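Participant: Using the hints, put the two chains back together into the complex; each one sits in its own frame.
One line per chain: the protein sequences are L and E, in this order.
Numbering follows the numbering used here, with no gaps: position 10 of the first sequence is 10.
Numbering follows the numbering used here, with no gaps: position 183 of the second sequence is 183.
Errors might be hidden in some of the hints.
No farther apart than 25 Å at their CA atoms in a straight line, the calculated lysine-lysine pairs in the DSS-like style are these [what the hints assert, rightly or not]:
| no. | chain 1 | residue 1 | chain 2 | residue 2 |
| --- | --- | --- | --- | --- |
| 1 | L | Lys-35 | E | Lys-110 |
| 2 | L | Lys-76 | L | Lys-92 |
| 3 | E | Lys-107 | L | Lys-43 |
| 4 | L | Lys-61 | L | Lys-76 |
| 5 | E | Lys-110 | L | Lys-43 |
| 6 | L | Lys-35 | E | Lys-162 |
| 7 | E | Lys-107 | L | Lys-35 |
| 8 | E | Lys-162 | E | Lys-107 |
| 9 | L | Lys-76 | L | Lys-90 |
| 10 | E | Lys-172 | E | Lys-107 |
A partial selection of chain L residues facing chain E, derived with a Cβ cut-off under 8 Å [claimed, not checked]:
| no. | residue |
| --- | --- |
| 11 | Val-11 |
| 12 | Arg-13 |
| 13 | Phe-21 |
| 14 | Val-28 |
| 15 | Val-33 |
| 16 | Arg-40 |
| 17 | Tyr-73 |
| 18 | Leu-77 |
Treat the hints as calculated values from the structure; they're not laboratory data.
Every value quoted in this text rests on a predicted model; they were computed, and no experiment measured them.
Here a beta-carbon is modelled for each residue, glycine too, at the ideal position from N, C-alpha and C.
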Amino acid sequence: MLGLAAEEQNVLRIHIDELVFGLIAFAVIFGLVYKYAAPRITKMLDERADSIEGGIERAKKAEAEAEEIRQQYRDKLEEAHREYAQELEKAKEQRAAIIAEAREEAQVEARRLVEAAHAQIEADRQQAMAQLRNEIGVLSTELATRIVGETLSDSAAQNRVIDRFLDELEHSGNNQQAGVR
Amino acid sequence: MSADTLNLAAEGGGGLFTPGGPGFEAPSVGIFFPSAWSWGNYGETSPYLGGITKYAVLLVVATALVLLFLWWTSRRLSMVPDRRQSLGEIFYLFIREQISRPMMGAKGDKYLPLLLSLFLFVFAMNIMGIIPFLQLPVTSNLSYPVGLALIVYIIFIAVGIKSQGGVAAYFKSAVVPSGAPGWILPLLVPIEIISNFLIRPATHAIRVFATMFAGHLLLATFAAAGWYMFNPSAGPLFGSISVLFSGASLVGFIVFTAFEMVIMFLQAFVFTLLAALYIGQAQEAH
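For reference, chain E alone in the conformation it holds in the complex (with noise of 0.2 Å):
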């Protein structure tokens, strides 16, 4: 959050039934352009820089935790796994037997550290905007689920064309529906082709961040209208109705931080999922 943003809050709490108070304001899109830490005029230079922000560090928070997770639940193996290794075990194992093998069946175990490391990454990154006093998943910055996407996009590709045996033969078979008469070829070809090699990335990335986005912003209401709401010095009557509608919005944020939990699962699953569903398309003939 920017300072400008804290002093928002800040000046907002209370404001109900504060005669002449301030208004609610709701939170804006202001909360996911934190004011970067820069050297010199880095970040603000160029639309096309971010700088130092809060993304950039939870970006090395989130690697690190997951760093620190493989190294911990990998270091010592053993044939009886005690939970520590148990753990490490379910999220290979759920990798393999919920994506890569219903994707690609057993030829697909060689892309299993790819779509390990994927989930892993999109997981920590998300989970960041429930961790207390972080609170801001790193996904609900466009440019780091474009990076992963853009490296199963480069992968997938790659992978076609290994297995097609030759770009051409890759982009007949990726752009030509098969058993498709002729004479609808050139209606269906340019929507396979803005559908496989624009459309899908581009949802790949744009799926997660949004679903991030949406959520945090959801979250910040909550939060933002409980501390406005939370007024009891207005008066018997008016203080315990403000601190009634402050504990709603507390169990709405509540609710919903459990709910994000499950999201932020469920969107680095699917993230996750679709890169073995690409990799997996362009390994068959179509």
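Chain L on its own, in the form it takes in the complex (with noise of 0.2 Å):
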């Protein structure tokens, strides 16, 4: 038996029916790839690609969109440190602004005083200067009806007299005045 099989034992044959099974075995599993699986798998990865790819689309833009709000922020803090510096800086200035003006006032209210101090003075003075003048007027005509023991009756020549007394009594006192200052 085992000297006849070997020689019909050819390694390198082809028998046809095992090759037509072979067949048959391979056109069921490429119809089953070819109509099933195959197209269900690429479009499976041509979906999750595109799912990939949009992911990343809009990561991309979040992205974007994060650092332009970002830079809104930014923006927005530097101005309104920017202000903040602006509006101390107008505050400083006001301040210095409303301490010179009080002060301008308190002068100006000091030197009106002192102005209408001394406007008082001088009317007082002037009062007193013309009321003194007449009291003396009086007083040395009194004295000197007293010392001459007449009544001076003619009214010109007293008024003459008192005249001459006082010019001489306001230019000696005008000269001391002088010599004083």
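Facilitator: Written as structure tokens, this is what we have:
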């Protein structure tokens, strides 16, 4: 049996029936791959690639948006800082202005008071001077009457005498004042 | 394995150190000729018919395995794959990224189902050789690789005729190397014809057949040698020596089985790669 078989046993045999079995088996496998497995897997891989690409796109967009918002926020913050500094500066200026104004007003007021006081003093002095002049005239007349012992009836002469007396008096007084100043 | 070889193996067991025992019979090519389960004399009537043998049964097993795998890995697909789906995608992407795209570019994507089927089918037929109790690679019977090589042969010629625009244009581009001086053509053209249309399909089929054949024979030899040398009843000294030898043979069997697994994958890959290469070449102008 073995010897007989060995003669028939050609390692490089090609059996038609086995070849056909193989072709049928391959056809069945190819049919399943072609109609079912490959299209499904291809479709799913494409969808996945799409979704991943879409996801990357979305992430990029979101990132850009976030960056924009952050920039805006930063700008606003910077602006706020700047405004604050400006306000502070303005307030300082205002304070200085108010102080200066107050000082000015106070000075003006003081000067006004001093001037008023001066005017008052001057007026008082004038009044006192006028009154004094009158009183001195009366007193002088009275004195002169008493000294002379007679009443000067002639009012014109009386006035002349008084005036001369006063002029002399004033003159000497002015001289004395000039000497003091 | 035929009944004869099985008996032979059983008789050969423990032959070492048995006085007057059987000598070692290395496994013969008989292991590649399982006897047929025939109806009538079918399978023994003609040298061109094999009949229903272990090969045909394993072919059905391998085919069922591929179909189950395909159905299981691609029945529910989602954008976020689970392990089952990832396993299927690995094969699909492996064929696309390692074979189809490098050989044919993006325009080869339409041959992806063909290449994926070829790879899975050849791989499944190969691994029948290391599945316990089956242990016979279907591709160690030349009939099966020849069928597949024939399919690829017909397809690449058809693709060539279609993409070169006519039979004459294709055969001219296939057998007349461009840029060769005229005087050398009488020498080159016959060589190209033989190499492209005779040697190419033959080597395509024989490459996978021969490696599977040789690998299986090697594994069978290790197994038979291990069984032959296992004779612990041969006395304390010879018994332990025989067990040691037998153990060494077992280690060799395991190592070469692992090695075979790699080769089975590699040969399926090479078969598919060559199919893609032939189709790609037919597409391109020479």
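Participant: All hints are to be evaluated individually against the structure, with a verdict given for each.
Facilitator: The hints, checked one at a time:
no.: 1; hint: L:Lys-35 / E:Lys-110; in the structure: 13 Å, holds
no.: 2; hint: L:Lys-76 / L:Lys-92; in the structure: 24 Å, holds
no.: 3; hint: E:Lys-107 / L:Lys-43; in the structure: 17 Å, holds
no.: 4; hint: L:Lys-61 / L:Lys-76; in the structure: 22 Å, holds
no.: 5; hint: E:Lys-110 / L:Lys-43; in the structure: 13 Å, holds
no.: 6; hint: L:Lys-35 / E:Lys-162; in the structure: 23 Å, holds
no.: 7; hint: E:Lys-107 / L:Lys-35; in the structure: 19 Å, holds
no.: 8; hint: E:Lys-162 / E:Lys-107; in the structure: 14 Å, holds
no.: 9; hint: L:Lys-76 / L:Lys-90; in the structure: 20 Å, holds
no.: 10; hint: E:Lys-172 / E:Lys-107; in the structure: 23 Å, holds
no.: 11; hint: Val-11; in the structure: 6 Å, holds
no.: 12; hint: Arg-13; in the structure: 6 Å, holds
no.: 13; hint: Phe-21; in the structure: 6 Å, holds
no.: 14; hint: Val-28; in the structure: 6 Å, holds
no.: 15; hint: Val-33; in the structure: 5 Å, holds
no.: 16; hint: Arg-40; in the structure: 5 Å, holds
no.: 17; hint: Tyr-73; in the structure: 36 Å, violated
no.: 18; hint: Leu-77; in the structure: 42 Å, violated
Checked against the numbered hints given earlier, the structure breaks hints 17, 18 and satisfies all the rest.
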